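Using the sequences and the accompanying hints, generate a full structural model.
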Amino acid sequence: MTKKHGVNPYGGDSGIAEALIDAIREGAIAKRLSKRRATRYYDRIRGKIVASIEERGERLGPAAEFLLFVPDVFMLMFRLLRDPRVSATNKALVGIGIAYYIMPIDILPEAIVGPMGYIDDLILGVFILNKIVNETDHGVVREHWSGQGDVLVVIRRVLESADRLVSPRLIAKIKKMVRIGSKGSDPRPNGRG
Numbered sequence: 000m001t002k003k004h005g006v007n008p009y010g011g012d013s014g015i016a017e018a019l020i021d022a023i024r025e026g027a028i029a030k031r032l033s034k035r036r037a038t039r040y041y042d043r044i045r046g047k048i049v050a051s052i053e054e055r056g057e058r059l060g061p062a063a064e065f066l067l068f069v070p071d072v073f074m075l076m077f078r079l080l081r082d083p084r085v086s087a088t089n090k091a092l093v094g095i096g097i098a099y100y101i102m103p104i105d106i107l108p109e110a111i112v113g114p115m116g117y118i119d120d121l122i123l124g125v126f127i128l129n130k131i132v133n134e135t136d137h138g139v140v141r142e143h144w145s146g147q148g149d150v151l152v153v154i155r156r157v158l159e160s161a162d163r164l165v166s167p168r169l170i171a172k173i174k175k176m177v178r179i180g181s182k183g184s185d186p187r188p189n190g191r192g
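0 is the number of the first residue of the sequence shown in numbering that gives the first Met the number 0; add one for each residue after it.
Keep in mind the hints are simulated off the structure, nothing from the lab. Check the hints yourself; a few may be wrong.
[Stated by the list, open to error] Estimated spans, in silico, between C-beta atoms of each pair:
1. R84 to K182: 27 to 33 Å
2. D149 to R84: 17 to 23 Å
3. E54 to P83: 18 to 24 Å
4. S166 to E64: 40 to 46 Å
[Unchecked claim] Below, in silico cross-link-like pairs of lysine-lysine (DSSO-like), each with a Cα-Cα straight-line distance of 27 Å or less:
5. K47 to K34
6. K175 to K90
7. K90 to K34
8. K90 to K182
9. K90 to K172
10. K182 to K172
11. K47 to K172
12. K47 to K182
Quantities reported herein were computed from a predicted structural model and do not represent experimental measurements. Think of the CB as a built atom: it goes at the ideal place given N, C-alpha and C, for glycine as much as any other residue.
Listed below in structure tokens is the structure:
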């Protein structure tokens, strides 16, 4: 599979989710992502984001604050993927989130738009985490959170701000990926958005 500047090689809006599901079924995520690799990925994206905020924080506007959650959401999903208390269905959905972060398939490609390209990764991750929070003991999710503040507050803030961070069209694509991955309903609280 190859990606050129955000072009979806699978076609259609659901192509990204289908490609990610294929990768998860093939075991690509489990085989490729050790704790060491996850930590390196975390460190790399945190470094890029922090450097970008230091360099052009004012131009990033309110998104700068949310960008700092990107690596923490990734690491939370990685830890939930390995936790036996998380259902197999939710682990599959978390796998989609992790794959979206690390695979070269993206709606907002970081290589072109810079660190702002991580906003779609964050929103997808938070939609997935919101579903998990509604089906898993909150203590499990909190136990694995290493970011600033209460993870449930972070999830709620990102969900409430998603419409201001990206376009409605992008929100619709992200929702569709979550629905395809979970075979569930709208991941937003009260179906908003």
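Hints violated by the structure (numbers, ascending): 1, 3, 4, 12
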